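**Student:** In case you want the letters, here they are:
Number of protein chains: 2
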Amino acid sequence: MNASNRLAVVLLSGGLDSTTVAAITRAQGWRILALTIDYNQRHRIELEHAARVAKALGAERHIVLPLDLTGFGGSALTADIDVPKGGVEPGIPVTYVPARNTIFLSVALGWAEAAGARDLFIGVNALDYSGYPDCRPEFIAAFETMANSATKAGVEGERFRVHTPLMTLDKAGIIAAGQTAGAPLELTWSCYDPTPDGRPCGLCDSCRLRAKGFAEAGMADPAL
Amino acid sequence: MNASNRLAVVLLSGGLDSTTVAAITRAQGWRILALTIDYNQRHRIELEHAARVAKALGAERHIVLPLDLTGFGGSALTADIDVPKGGVEPGIPVTYVPARNTIFLSVALGWAEAAGARDLFIGVNALDYSGYPDCRPEFIAAFETMANSATKAGVEGERFRVHTPLMTLDKAGIIAAGQTAGAPLELTWSCYDPTPDGRPCGLCDSCRLRAKGFAEAGMADPAL
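Here the protein sequences line up with chains Y and D, keeping their order.
13 is the number of the first residue of the first sequence in our numbering; add one for each residue after it.
13 is the number of the first residue of the second sequence in our numbering; add one for each residue after it.
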């Protein structure tokens, strides 16, 4: 697909998945508006990584939007609940942040409509996805339908699209796609619960999925 | 309907509509979690009115969430575009904030899920509504479908509902419903573009719709 230099809003957390998505977006010829949400996450270090990635990929603009969800509670990523370290378990884990992707995509939709973009990119995938409901194709389809009913552009006959280029890839596939697209994987951050001196814990779900991915892709993690 | 003391998240701007909704919610027996979004709106004075209304209606909690949408541009309510004063025109006006109700309901959904609430209340209505697409029943239905696909509670078989008790009322009907439910209409604020000394301009769409409503309801505006 060649995007003919059109604008797209890319949700960029600074992790492996969203960085790969941003690189794919650029490789497809889109001009990138990168959006990072500062939701007062425990792993705030990812915000710095997002900025480095946005710069490395030549994003036209990068907005880090403060949106403090800690007052709501309910997640190990934002509240005072321990991040699990025992391995990936079946079911939806306590690191689930209620309605996170809904909130992030809604904000991305607002920026997109204001900026004249009609395309949103998000790095969700339905395989190695930690069991979050808002990473499934059904959710993405429902969000698109809602977006086209919610907006002036949608009502006037334009279509918003939510692109999920990683949806059917496993972590090793994402890493391979990232390499192909020239993603700066060495700048990415994944850990949910960094050590006091700012290194990945190696034990949370996100660290485990990342390590498994690089092992299966047959390469060393360039960020370590 | 008796809500048997269950929790509901009510989007409360401090205006006539959302204050009436909050009063109806309370009259139906819900415990209120009031959510106000500080999106750096030109009419920031409404935030103070929201706080007074939340207190008057005995909200269990009131969160004013900072969510600065001014960086996105695109609306007379958040950017440096003049608020129209010439009368209500057909079509979607420049006071439209891209994806505003989508963003607000998404954040409300996040709080609701975290707090164990499954019911959201919002004061949209499809009649005297200034032409915003995200005030129509189609949008609300699409949001509900999306919400039940997005969330852990939704996926686990619980249903989120978005209540719109004002949907089919005109402004006079809203004022009558507010009076019936005991809404503190004297504490509300509607104007999009307050004068430097903090009074309603009397000329923007929101002022005009409010004045028309009170005239048709045959009562004086208790906030003036």
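FYI, nobody ran anything at the bench for these hints, they're computed from the structure.
Bear in mind that the values here come from a model prediction, so they are computed numbers and not experimental data.
Cβ atoms here follow ideal geometry from the backbone N, Cα and C, with glycine treated the same way.
Certain hints may be false.
What the hints assert, rightly or not - When the alpha-carbon atoms are kept at most 25 angstroms apart in a straight line, the in silico DSS-like pairs for lysine-lysine are as follows: (1) K97/Y <-> K164/D; (2) K164/Y <-> K67/Y; (3) K224/D <-> K97/D; (4) K97/D <-> K164/Y.
Said to hold, decoys possible - If you anchor each label on the Cβ, the simulated ranges turn out as follows: (5) P208/Y <-> T82/D: 34 to 40 angstroms; (6) N52/D <-> G41/Y: 31 to 37 angstroms; (7) G83/D <-> E228/Y: 35 to 41 angstroms; (8) G83/Y <-> I57/D: 42 to 48 angstroms.
**Student:** Confirm or reject each hint.
**Tutor:** Now for the hints, and whether the structure bears them out:
1. K97/Y <-> K164/D: holds (21 angstroms)
2. K164/Y <-> K67/Y: Between K164/Y and K67/Y the Cα gap is close to 31 angstroms, so the pair fails against 25 angstroms, i.e. violated.
3. K224/D <-> K97/D: holds (15 angstroms)
4. K97/D <-> K164/Y: holds (21 angstroms)
5. P208/Y <-> T82/D: 34 to 40 angstroms: holds (36 angstroms)
6. N52/D <-> G41/Y: 31 to 37 angstroms: holds (34 angstroms)
7. G83/D <-> E228/Y: 35 to 41 angstroms: holds (39 angstroms)
8. G83/Y <-> I57/D: 42 to 48 angstroms: violated (23 angstroms)
Consistency note: the structure conflicts with the earlier hints numbered 2, 8.
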